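**Q** So you can see what is in the structure, the chains are spelled out below.
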Amino acid sequence: MTCRDFLKELTDYLDDAIDTKTKAELEDHLQWCHNCYVICNTTKKTIEIYRESRLYELPEDLRGRLRSAIMSKCGKKEPTA
Amino acid sequence: MPTIKQVNEPEPATEELTLVTAAKAGDMGAFEELVKRYDRNVFRIAQHITQNREDAEDVVQDAFLKAYQNLPNFQMQSKFYTWLVRIAVNEALMKLRKRRPERFVSLDEDVKTEEDSMPREIADWNPNPEQQYDQAELKDILGKTINGLPPSFRTVFVLRDVEGLSTEETAEALDLSIPAVKSRLLRARLQLRERLNKYFKSRRSGDGNK
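The listed protein sequences derive, respectively, from chains A and B. For the first sequence, the tail end lands on 85 under this note's numbering, and the numbers increase by one without skipping. For the second sequence, the tail end lands on 252 under this note's numbering, and the numbers increase by one without skipping.
Everything labelled a hint here was simulated from the structure, so no lab data went into it. Model, not experiment: these values are computed from the prediction. Certain hints may be false.
What the hints assert, rightly or not - Distance ranges between label pairs, derived from CB positions:
{"no.": "1", "chain 1": "A", "residue 1": "N39", "chain 2": "B", "residue 2": "N115", "range": "20 to 26 angstroms"}
{"no.": "2", "chain 1": "A", "residue 1": "K12", "chain 2": "B", "residue 2": "N115", "range": "38 to 44 angstroms"}
{"no.": "3", "chain 1": "B", "residue 1": "T63", "chain 2": "A", "residue 2": "N39", "range": "50 to 56 angstroms"}
{"no.": "4", "chain 1": "B", "residue 1": "E163", "chain 2": "A", "residue 2": "E31", "range": "19 to 25 angstroms"}
{"no.": "5", "chain 1": "B", "residue 1": "G190", "chain 2": "A", "residue 2": "G68", "range": "29 to 35 angstroms"}
{"no.": "6", "chain 1": "A", "residue 1": "K25", "chain 2": "B", "residue 2": "Q177", "range": "38 to 44 angstroms"}
The C-beta atom is built at its ideal place from N, Cα and C for all residues, glycine as well.
Let the hints inform the model, and build the full structure from the sequences given.
**A** If you want it as structure tokens, here you go:
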């Protein structure tokens, strides 16, 4: 397995959406290829940081205003069949 | 190396089904419950795509209004949330096109950029790189970094990795094939990693390419 082959499978590997045989091959590659190990590790960390960052949280006061506006507009519109 | 845990699993499907059925029958309280359940998600998705707070607010309102008006046409073959995300993404892309008419914005284009898949800089990071920055600095870094991705990449990334939709749900919400979702997701992840290097890399690590 080359580094390019490893990268092609990286997304499925990180998502654990991969068959056992391919997974074993990827993990064997990770054992000796430090660069792919670093890429794999830092890509995983990238995803975790974004997931945990709470970027663009909806503030509660704005949330209340938006919900009132939505419900008021919906009340004035009939659903279209 | 452990893989990533899947998170953000929405509320149990049966409860959602009850609410959607009631909302379809005209129960405004049930629809408001659906708004409460998903407004934060729709806002996050909208702001990630439009990168503009006012546009994101408009998208939240327009997406729920459109969902309400089209409830009778919702066949319940997909999850309500996936259907709602599809509406919200389309509304957000329309906003983006209005704001940046000079650049055609489409999810169909398979964007090639100079920073494509092959990593250029291979540097290890500190063990908890996000702790080097305070919350505001970190949010600024993450916002600027994801803003630099093409809309088609950041949309796939936010649905899959931030909101926790499955590959299949993401494909359905964006009207893309599964291979197209996987290809964009891989490139989005690798490009974000590459761009975050300058903030997170360990001083001790060496650089190099293979």
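**Q** Starting from the hint 20 to 26 angstroms, judge whether the C-beta atoms of N39 of chain A and N115 of chain B obey it.
**A** Violated, at about 51 angstroms.
**Q** A range of 19 to 25 angstroms was offered for this pair. Does it hold for the Cβ distance of E163 of chain B and E31 of chain A?
**A** Distance hint for E163 of chain B, E31 of chain A holds at roughly 24 angstroms.
**Q** A range of 38 to 44 angstroms was offered for this pair. Does it hold for the Cβ distance of K12 of chain A and N115 of chain B?
**A** Distance hint for K12 of chain A, N115 of chain B holds at roughly 40 angstroms.
**Q** Between the beta carbons of G190 of chain B and G68 of chain A, is the distance compatible with 29 to 35 angstroms?
**A** About 33 angstroms separates the Cβ atoms of G190 of chain B and G68 of chain A, which means 29 to 35 angstroms holds.
**Q** Using the beta carbons of K25 of chain A and Q177 of chain B, state whether their distance is inside 38 to 44 angstroms or not.
**A** holds, 43 angstroms
**Q** Does the Cβ-Cβ separation between T63 of chain B and N39 of chain A fall within 50 to 56 angstroms?
**A** holds, 53 angstroms
Checked against the numbered hints given earlier, this structure breaks only hint 1.
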